Amino acid sequence: AQTVTQSQPEMSVQEAETVTLSCTYDTSESDYYLFWYKQPPSRQMILVIRQEAYKQQNATENRFSVNFQKAAKSFSLKISDSQLGDAAMYFCALLAGFGNEKLTFGTGTRLTIIP
Amino acid sequence: KAGVTQTPRYLIKTRGQQVTLSCSPISGHRSVSWYQQTPGQGLQFLFEYFSETQRNKGNFPGRFSGRQFSNSRSEMNVSTLELGDSALYLCASSLSPGRDTQYFGPGTRLTVL
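Order-wise, the sequence lines are chains V and A. Take the first sequence: its letter number 19 is residue 20 in the numbering used here, and every next letter is one higher. Take the second sequence: its letter number 71 is residue 85 in the numbering used here, and every next letter is one higher.
Extracted from the complex, chain A is given alone in its bound form (with noise of 0.2 Å):
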């Protein structure tokens, strides 16, 4: 069964511009969750969909959005890049949410400039 998978893998964007990222989780997978990992703050939970509804949200301001598709896929936006949102943006998979082992794709490195 193939993995979970990101795209793009890396992405230099200057401030101001925005970004989308994107997950396809294992299949079968229902559940997707997005985490931040910087060097200063470790990793930082950003959100986590389930049936294309956000069903619980990190500590991060409104420019960090996310929706899910009926295929499960799911994209999370930052609008307005800062450099400070230079980091690896971790996706995770599971069966459902709740109690299921998350399983993480390779992340996305995005750079700020």
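Pulled out of the complex, with its shape left as it was, chain V reads as follows (with noise of 0.2 Å):
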């Protein structure tokens, strides 16, 4: 089985400034991906950024890069020069479990950016 855990409910930072939310999973699987997701109020689940478990390399897309720790498998998320926009709930997913495969998320971090 596969777990995700976030251990902050709500988090906030000033405009311009960097944030780092937090993500740790669990799996006994050797070949796996990790997600950030947002959902913003209007609810639409938008992509952030992807890692994939084999790549050493971290992921980054613009302003958001993750730094991924296999083996305490933790996978962070880092938001630089917050805007805004980036005002959110942000949900870490796992997928895994070759052959039966569907996202696990976890419970959300509600982000909130300080004008």
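Quick caveat, the hints were computed from the structure, so don't treat them as lab data. For clarity, every value in this text was computed on a predicted model and none was experimentally measured. Careful, some of the hints might be misleading.
Claimed, not checked - Capping the alpha-carbon separation at 30 Å, the derived lysine-lysine pairs in DSSO-like fashion look like this: (1) V/K56 x V/K71; (2) A/K15 x V/K79; (3) A/K71 x V/K74; (4) V/K56 x V/K79; (5) V/K56 x A/K15; (6) A/K71 x V/K71.
To be verified - A few chain A positions that, by computed beta-carbon distances, are all more than 10 Å from chain V: (7) P22; (8) S36; (9) S41; (10) R87; (11) G98.
The beta-carbon is built from N, C-alpha and C at its ideal position, and this holds for glycine as well.
Make one complex out of these two single chains by using the hints.
What follows is the structure in structure tokens.
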């Protein structure tokens, strides 16, 4: 079974500052994929970033980057130069169990941007 | 390229009724997954369809069912609605099942009275 844990229900950051959202996961699979999705008030789930477990290099997407620590089963998201439009619920998700794949989500972190 | 579309966006039903939700995937995507999102249970996987076949199923009662058509569009049906079925139902599509990224639609908000 796969589990994803987000221990920060809420976070806030000043506009233009940097914030890091935490995520830990557990899986017995050796091949898996990790994602961060954001869900703004519109409720549309939007892909932020994807990380393949077999890649050592941390994924980066513009102002968004991850710190993937495979041995520690940790997958944190760093948002640089925070903008008002970054305000949303952020979900960490794990895709594993090949042949029986499904996304397993964490409980989410609500990010507030302070102007 | 158009994103995932879901219809209707909002739905109000009463207990005991049934409901059908529709999802059209991104053009070229052949895999469709459904998720239920509630404040209490969070995001939970319902099922996945690929090539008109249910490939994977979550831990939901048999009242929840789905199907996929030859054009990859998918529907999910909930029969004998209960108050606890009130939720946001999200559909996601991917090129193929397994390792491809899932892209989500805007969801259908179902309220059961």
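Next on the checklist: Let me make sure I understand: some of the numbered hints might not hold for this structure. Which ones are they, in numerical order?
Outcome noted: none
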